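Number of protein chains: 2
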Amino acid sequence: MRESITFHAIGTVHNSIDQPLRPDAFREVESQIVLDPDLIAGLTGLESGQRIMILFHFNRAGDYELLQHPRGDKTRPKRGVFALRSPRRPNGIGVTVVDLLTVESNILTVRGLDAINGTPVLDIKLEER
Amino acid sequence: MRESITFHAIGTVHNSIDQPLRPDAFREVESQIVLDPDLIAGLTGLESGQRIMILFHFNRAGDYELLQHPRGDKTRPKRGVFALRSPRRPNGIGVTVVDLLTVESNILTVRGLDAINGTPVLDIKLEER
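Protein chains in written order, with numbering that gives the first Met the number 0: chain D, 0 to 128; chain F, 0 to 128.
In short, the hints are calculated from the structure, not lab data.
Fair warning: this is a prediction, and the values are worked out from it, not measured in the lab.
Where a beta carbon is used, it is the ideal one built from N, C-alpha and C, also for glycine.
Since no wrong hints were added, every one of them can be taken at face value.
Below are the SDA-like pairs computed for lysine to any residue, each with C-alpha atoms no more than 20 Å apart in a straight line: (1) K77(D) / S47(F); (2) K73(D) / G44(F); (3) K77(D) / L38(F); (4) K77(D) / L45(F); (5) K77(F) / E64(F); (6) K73(F) / D23(F); (7) K73(F) / A40(D); (8) K77(D) / N105(F); (9) K77(D) / L125(F); (10) K77(D) / A40(F); (11) K77(F) / L38(D); (12) K77(D) / Y63(D); (13) K77(F) / L125(D); (14) K73(D) / S85(D).
If you want the footprint, here are the derived chain D segments under chain F, 3+ residues with CB under 8 Å: (15) 5-13; (16) 44-57; (17) 71-83; (18) 88-98; (19) 109-123.
Looking at chain D on its own, in the form it has when it is part of the complex (with noise of 0.2 Å):
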């Protein structure tokens, strides 16, 4: 059952952000994603304005378990890893919607996306269809 599938980083994020930080801090910060030139013809369509999807590599996080604290505040109790958004899954996928704010040839620049910087981009999607 546990068949395994090998994607290649599409592109990289990069921000002033070295460390995690909780989500919520990540509201403001600008990233700028610098996608694999070979890939530009992709963009077609996406404009400064849109809400769109960003699917990243958590590379930095630690082994997962499967029981963990919500945010890792001791005070609360343990959930399960997929009903939480932890770094630390079974597959390190992190899904974020944030705020095009422009894009220039290979480079987007967006705002709230909360991931560090040399972030592995996996995909990128348009929220409206």
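With chain D held as given, fit chain F onto it using these hints.
Using the frame of chain D, we list chain F on its own:
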């Protein structure tokens, strides 16, 4: 830049859909997600009535194209794959928020998952924190 990242399916979708449908046609489809039994503890805190996010692998999608007609409709101009939800994307990861109907042991019954029978599941996240 195209760093490779390997994940392992946490479970599999079981439903009556053996061929891709238009996304809307999945709205009322019920599916069962059969989770690897070793991961059952990770479901703690998931309950009937919640909205949960499912990440899955488009394992039967064809090769990606950077420019595609929205929903394959040739009367509409092509757009970039990152401005679309097409399964034919560089990293074939689907993200859908579904209704959780029941959780019984390692089996989640959900409504609205736009994935065909046999689709590998990568992650489950509770939508609300």
